[in-house]
Amino acid sequence: MIFAESSTIIHLQGVTKEYPPDNIVFSNIDLEIEKGEFIFLTGPSGIGKTTLLRLLFCAEQPTSGEIWVDGVALSSLSNSQIPYLRRKIGVIFQDFKLLSDHTVFDNVALSLEVIGLNRRQSRKRVMQVLEGVGLAGKWSNYPLQLSGGEQQRVAIARAVVNRPAIVLADEPTGNLDQERTNEVMMLMEELNARGATVVFATHDDRLYENTHRRVVKLPEGKFEIS
Amino acid sequence: MSLASLCHRVLSDLRQHLYTQIITTVVVSLSIVIFAFFTLIYFNLHQFVERFGTELGLVVFLTNDIPQGKIPGLYQKLTELPGVEKVTYISSKKAFKRLENYLKGEKGVLEGIDPKFLPPSFEVRVNRAVFHLKRIRQLAEEIGNWPEVSKVQFGQEWIDRLESFLRLFRILVAVSGLLLLFTAGFVVANTIKLTVYARQEELKIMRLVGATNTFIQGPFLAEAFMQGLLGSSLAIGAIFVCYRFLQGLAASSELLRGVNIYFLPWPYTLAIITSSILFCVLGTAIAMWRFLRL
Ligand SMILES: Nc1ncnc2c1ncn2[C@@H]1O[C@H](COP(=O)(O)OP(=O)(O)OP(=O)(O)O)[C@@H](O)[C@H]1O
Ligand SMILES: [Mg+2]
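Going line by line, the protein sequences match chains C and W.
With this note's numbering, the residue at position 40 of the first sequence is 40, and numbering never jumps.
With this note's numbering, the residue at position 191 of the second sequence is 191, and numbering never jumps.
A couple of the hints might just be wrong.
Said to hold, decoys possible - Derived lysine-lysine pairs resembling DSS-like cross-links, with alpha carbons at most 25 Å apart:
#1 W:LYS77 <-> W:LYS94
#2 W:LYS151 <-> W:LYS97
#3 W:LYS193 <-> C:LYS97
#4 W:LYS70 <-> W:LYS104
#5 W:LYS116 <-> W:LYS193
#6 C:LYS88 <-> W:LYS204
#7 W:LYS151 <-> W:LYS116
#8 C:LYS88 <-> C:LYS35
#9 C:LYS97 <-> W:LYS116
Said to hold, decoys possible - So these bits of chain W aren't anywhere near chain C, every CB distance computed over 12 Å:
#10 HIS17
#11 HIS46
#12 VAL149
#13 ASP160
#14 VAL175
#15 GLY177
#16 PHE182
#17 LEU208
#18 PHE215
#19 PHE240
#20 TYR262
#21 PHE263
#22 TRP266
#23 ALA271
Rather than coming from a laboratory, the hints here were simulated on the basis of the structure.
Virtual Cβ for every residue (Gly too), placed ideally from N, Cα, C.
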């Protein structure tokens, strides 16, 4: 398979995902995302945005088609290679996926710990990022002691603390008020300006109505091609 | 992942999940206690029976009219038989004395009876090392054929019964031992499985943020190792206390005087500890596996 230009960082070709027995979430999707791009992935609830993102970090496998991330065909990855792919990708999960018996600090530090940094080495960076999302004062709290919006910001901090090349944001503003939403949007812009490729999934069209960014709408008919 | 960071994670893990760690360790410990106690009892019964058997000897009755002069020759002949450890001559008179002692207050019964009415005999003790029921039987037959011998007694019936009992006993022990082992394994495996499943969210999340399986498994396996080691050591310790208790009991009991109580042989206890550790570590690794695949 010839990989188009080297500036393509995410490439989907003919990707179909179905959940047996009969739920075809999407079929035959083609999509190319450039390095350093900031794109919105949109469509109504239940259309398959989360599913598409999950394919990108191998939490799910496509029923057919192939996906390349940073030049690597995902179908060729073995179970033991997947963690190394995931370190290049910061994922902000729609449902946060925080460790409830770890503090805010430990949750964020986890991203650095898995690549071999110890607490002392990661402290400065973790506190910096927590400050960036306005949670420096709550570093020692546990997730369940935080509001939904605060938990979401912890999830954001964990996703970006190791400065990944790709940020997959799944409704990262879903629980935030206007002011916090703007802050998160600015944070994403900033990451993008530093070179990260950002895929921003949302069904909130206000977020992208005035943007110059590319907006990819997942097709509602099951056999269209984006 | 460095050793320091592994230790740090194990420690904070222990702090967070102390309760489940203790429960698992206790379950491991109890399972082993039950099994090891069973084997301790079996082991001792076995030793007891074996020794009891060896203390059996032969009684060789001679013909009543045997001339005194023939006794030393016979004595010599008996001692020279392979497997014979000790031979004691019991003359008619001595046998009569014994009977008198035995009857104590009712000596009158024997009044007027010729002290020579009891035949002289040899008591033959068989060497422990050579001891085998078959060998005793052979020996008895051989001696029984001598012309000076009227009868050889060795509790044939008793030995036969003991033998068939032992056969049954061994089968029973093997079956119940296996059942116990199986139950213990089942309980421990499921306890481990449940504690791992209770933390599946954590495992999945660590995978999602790019942790390798080695990184995730590190603390879990280290903890499993400690559970296996601690659980089995506690169990062996408890069995040792039981053993001391039984020993004391045997020493103070009239009936069991002279009966030795043995502890499980050390290669056996070592095997229990090793397999307990292996079981916990493998069980944990297997239980974790399904959460580390995606
Ligand atoms: N594990 C699964 N098994 C079966 N069906 C699933 C599974 N995960 C998702 N689906 C189905 O896939 C479809 C797309 O779900 P997905 O979560 O991707 O939607 P979404 O676009 O992210 O929606 P939202 O905006 O509400 O987050 C839904 O119809 C859902 O029922
Ligand atoms: Mg979604």
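Hint check results:
no., hint, verdict
1, W:LYS77 <-> W:LYS94, "holds (22 Å)"
2, W:LYS151 <-> W:LYS97, "holds (21 Å)"
3, W:LYS193 <-> C:LYS97, "holds (22 Å)"
4, W:LYS70 <-> W:LYS104, "violated (33 Å)"
5, W:LYS116 <-> W:LYS193, "violated (78 Å)"
6, C:LYS88 <-> W:LYS204, "holds (18 Å)"
7, W:LYS151 <-> W:LYS116, "holds (17 Å)"
8, C:LYS88 <-> C:LYS35, "holds (13 Å)"
9, C:LYS97 <-> W:LYS116, "violated (100 Å)"
10, HIS17, "violated (8 Å)"
11, HIS46, "holds (50 Å)"
12, VAL149, "holds (81 Å)"
13, ASP160, "holds (63 Å)"
14, VAL175, "holds (42 Å)"
15, GLY177, "holds (39 Å)"
16, PHE182, "holds (32 Å)"
17, LEU208, "violated (6 Å)"
18, PHE215, "violated (6 Å)"
19, PHE240, "holds (38 Å)"
20, TYR262, "holds (48 Å)"
21, PHE263, "holds (43 Å)"
22, TRP266, "holds (41 Å)"
23, ALA271, "holds (34 Å)"
In the structure shown, a violation is registered for the earlier hints numbered 4, 5, 9, 10, 17, 18, in ascending order.
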